[in-house]
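Full structure from sequences and hints, please.
The listed protein sequences derive, respectively, from chains A, B and C. Here the first sequence is numbered in the working numbering, starting from 1 and rising by one per residue. Here the second sequence is numbered in the working numbering, starting from 1001 and rising by one per residue. Here the third sequence is numbered in the working numbering, starting from 2001 and rising by one per residue.
Keep in mind the hints are simulated off the structure, nothing from the lab. Careful: at least some of the hints might be erroneous.
Dumping the calculated PhoX-like pairs for lysine-lysine here, alpha-carbon to alpha-carbon at most 25 angstroms [to be verified]: (1) C:Lys2332 to C:Lys2072; (2) C:Lys2361 to C:Lys2290; (3) B:Lys1143 to C:Lys2269; (4) C:Lys2142 to C:Lys2123; (5) C:Lys2332 to C:Lys2121; (6) C:Lys2194 to C:Lys2250; (7) C:Lys2046 to C:Lys2290; (8) C:Lys2142 to A:Lys73; (9) C:Lys2323 to C:Lys2099; (10) C:Lys2250 to B:Lys1143; (11) C:Lys2323 to C:Lys2065; (12) A:Lys73 to C:Lys2121.
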Amino acid sequence: MRPAAIALPVLALVAVLPAVLSGYHVSFMIQVFMWIALAGSWNIISGFTGYVSFGHVAFFGIGTYTAALLITKAGWHWLPAGLAGCVPAMMLALVIGYPCLRLKGPYFAISMLGLNEVVRALVSYFEGFTGGGAGISLPPIEAIVPVYYAMAGVAFAVTLTTYLILNSRFGLRLLSIREDEIAAEAMGMNTARLKLYAFLLSAAFPGIVGGFYAWYASHVEPLSVFPLITTITMIIMCLFGGSGTVLGPVIGAVLLSVLQELVWARFLFVHQALFGALIVAVVLIMPRGILGILRQYYPLPRSI
Amino acid sequence: MQVHITGTMVLQVVVSGLLVGGLYALVALGLSLVFGVMRVINVAHGTFLMLGAYVTFWLFDLYGLNPFLSILVSVPVLFAVGAVLQRLLVFRVVNAPELSSLLLTFGISIVLANMAMLAWTADYRSVEFLTGSFVIGQIAVSKPRLISFVTALVITALAFVFLHKTRTGKAIRATSQHREVAQVCGINVGRIDLVTFGLGAGLAAAGGSLVSVMFAVYPEMGQVYVFKSFLVIVLGGAGNYPGAFFGGLLLGVVEGLASLFLTAQLTEVVAYILLVLVLLLRPQGLLGGRI
Amino acid sequence: MKRPTNATVQLGAALTALALLGLAAPAAAQELRIGASISLTGTYAKPGKYTQEGYLLCEKDINDKGGLLGKKVKFVVYDDKSEPPTAIKLYEKLITEDKVELVMGPYSSPVTNAASTVSEKYKKLMMASLAATTSIWERGYKYLFMTISPAEVYLEGLVELAVERGLKTIAVINEDTLFSKAAASGTIELAKKKGMQVVFHEAYPKGTTDFTPILIKIKSLNPDVIAAGSYFDDAVATTRQMKELDINPKMYGVTVGGDLPEFYQLLGKTAEFVYGSSQWESHLPYPGIKEFVESYTKMWNREPAYHAAAAYGACQVFAEAIKRANSIDSDKLREELLKLKMTTAFGDYAVDERGFQIAHKMVLHQWQNGKKVTVWPANVADGKPAFPTPPWNAR
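Set out below in structure tokens:
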């Protein structure tokens, strides 16, 4: 089945939804697209190469500040400001990735663990520029439907990029790094450069997502845009759907967003614990995610 | 107004940093053991610390028990908690890819933190037991910090004695050095994993008990110590247990000096840069450990 | 261990009511629903609960007196988990789905900051009961009104008393978060205006435990006054470490936490002589305050904290404006609220053209012998400040 056959109807549906949904549900969809994009970008580095980026929210946060500053200090329109979020994010990825990607598994994870905290501390420190702990307030947003389309666009871009990577030689090379990096190097692949490219790509999209988010939320501050729980959530969504696949992050993001909506509305005081239990369950029971489980029973094309 | 930093001030900060570093060392030791033996990155380590702190707080609040003595309670309690968690959940991610252990322990930590918040609310608590300082020359040595440092030292020393002089302790070190060979030598590594995880939790609890005397106790208090513990392990060298001790002291001093000469906001940045530098330039740690 | 079953029941009732309303929309015309998101869980759970209680008591009082505009008032409350993004979603829901007639604010500055972007977008006037940060009112919003005193004046009493007693130098520290930063910068401005010299100012990240380096720098400057824009956990650490390093300012004041009884519970004797500021105390001479405290204590078996009083007061002001405008139209309400001047059980209300609170006054108190003594302003004080704070080794 050609992918376009599935993609086009979905895109058409996405395009018309704002006409029928209430403001609240459009907000909900914006957040779903956000998570699809975030989970999908984590997938590009960690799903394909096996290098666990545990501080990925740092790229999101940098994107929010970039857009916030461009909008408030340079008077940019929110759309280019949001897109510009990818630039500092990629620069950060370059600066951090270049040295750290040569570390072995657990140590790369540890070095990424602190990344979001450090970026947050730096953002707070340069308060003359960034408003420090008080954050930056943006002009109130007039209509959220344009943001809906922007986020949908990013979500689609990430998914498309993942599809293209997975069906390319670049993707195959990344996967071989995950399977056995030493053998991959022995075959002559420049694993350092491959990892870095994947890392840069994986950082660009959260930067853009963050950029649009800043406009949507009308306020950015260090504590709310660099939290560890955002990284964990995007990882779990990716794993839940199936990491290393194209549709995995999409499925994971959609299902978990819906689940969070329903569960959280009912269980006031234990929703955190339930999320923790979900994480434990995903890790222990379904590490290959939903797609992994489906693959055991149905012959699914490798390309999704 | 510019602050003129004198030698006395530096010395004061170094002394305070060393004392706090002893605490970091104690907490990091537990994490180092778990990582060394099971290659598990235990993000829930901070939650164990928090639970230990609450044990001490409640014993003090309800029964007036000396917080330093309550370590005799908090350690076994958390040892048991750790052992149970290991037996039920953590054993599945021993030697697994780091993502699994990171996520699993993270999941456990938020369940435990949420339960703590339900049980005890997010209100801040503290143990008002020992305040003030001894003055030696121009330097004020904080009483609670000094006692914590000595206690941490004693517990760490006991841990080393355990690791070097008892059969189980040696088995732990053997497993941490080379798991397969240890198995071949007849060591029941499953049991060793259990004991190690419990021990790690117990050491975190001891750290938590000490923290409760000095700082505030609340459900999220443990988070900051997890990252510091990783820093200590990297500085000292993974699997190098005495290294963890010196790594802790070093971290305490570095943090203090960074805050003194720069500002408090940059201490985390300095610590992180140190982490990355050590990981890149001397991955076996400053004192040499396993990579 | 207090389990807020009340809150869950209320919430369950509100949700059920909402569900039913959704099926029978015309029935909603009988009620004046006021929507709000409140931190029922998360870091702000406790003050959030107090806020909700304040709203509920106000609802009861209004309905007992015949309601508003001939209808019964009903609060519709959702839990924002102390998270700004959640509050955004909830206010969207309240305004676009539930279509509540009116909205009031959540607890805390960051959450109000986020939530108000939604209410402003839909031109739905929001009465903000518990947001204390000036920057929220510098965004040019038209439909946002403030009730409590802003962060910047929290330590006004400390500065005033210091200047009265001829003190000259002040050191300021603050946690690097929205509220604390505002409190610190406000204190610095006030101090400078009154001719004091600000010898030191440093911010520390949230979660800092070791204040030795900061305090040792302060010690070397020997300021007369130390002011801290802090919360509980940092105030605990800072105060204890000041004792350890034998730092003896003549006055030492903190923002949040210094007013709650837990502060003394946490620190015991170490808390003596510490000044703290408060938005409200139950013994102040405000109209209706006795009745408020009595009803509240009867309903919830404990005395009200300032958050409940602020929520109650905000709701009373809002109700008065609605009555005068005889409408729920945002522009008419805006007109009324801009010119309204009144005093509720919470204190004075009057705003400037931004909706920013200019009349409400903070009070300063000091812990003396385990008791909180109000020491400023003079017209509501019930004791004199114990001045100067004696050095640690002389206690």
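For each hint, the structure was consulted:
1. C:Lys2332 to C:Lys2072: 21 angstroms, holds
2. C:Lys2361 to C:Lys2290: 19 angstroms, holds
3. B:Lys1143 to C:Lys2269: 16 angstroms, holds
4. C:Lys2142 to C:Lys2123: It holds: about 8 angstroms lies between the C-alpha atoms, which stays within 25 angstroms.
5. C:Lys2332 to C:Lys2121: Distance ~17 angstroms between C:Lys2332 and C:Lys2121 Cα, so the pair holds.
6. C:Lys2194 to C:Lys2250: Distance of about 18 angstroms is within 25 angstroms: holds.
7. C:Lys2046 to C:Lys2290: Holds, at roughly 23 angstroms.
8. C:Lys2142 to A:Lys73: 22 angstroms, holds
9. C:Lys2323 to C:Lys2099: 21 angstroms, holds
10. C:Lys2250 to B:Lys1143: The given pair, whose Cα atoms are some 24 angstroms apart, holds under the 25 angstroms limit.
11. C:Lys2323 to C:Lys2065: 13 angstroms, holds
12. A:Lys73 to C:Lys2121: 22 angstroms, holds
Hint compliance for this structure: every hint is met.
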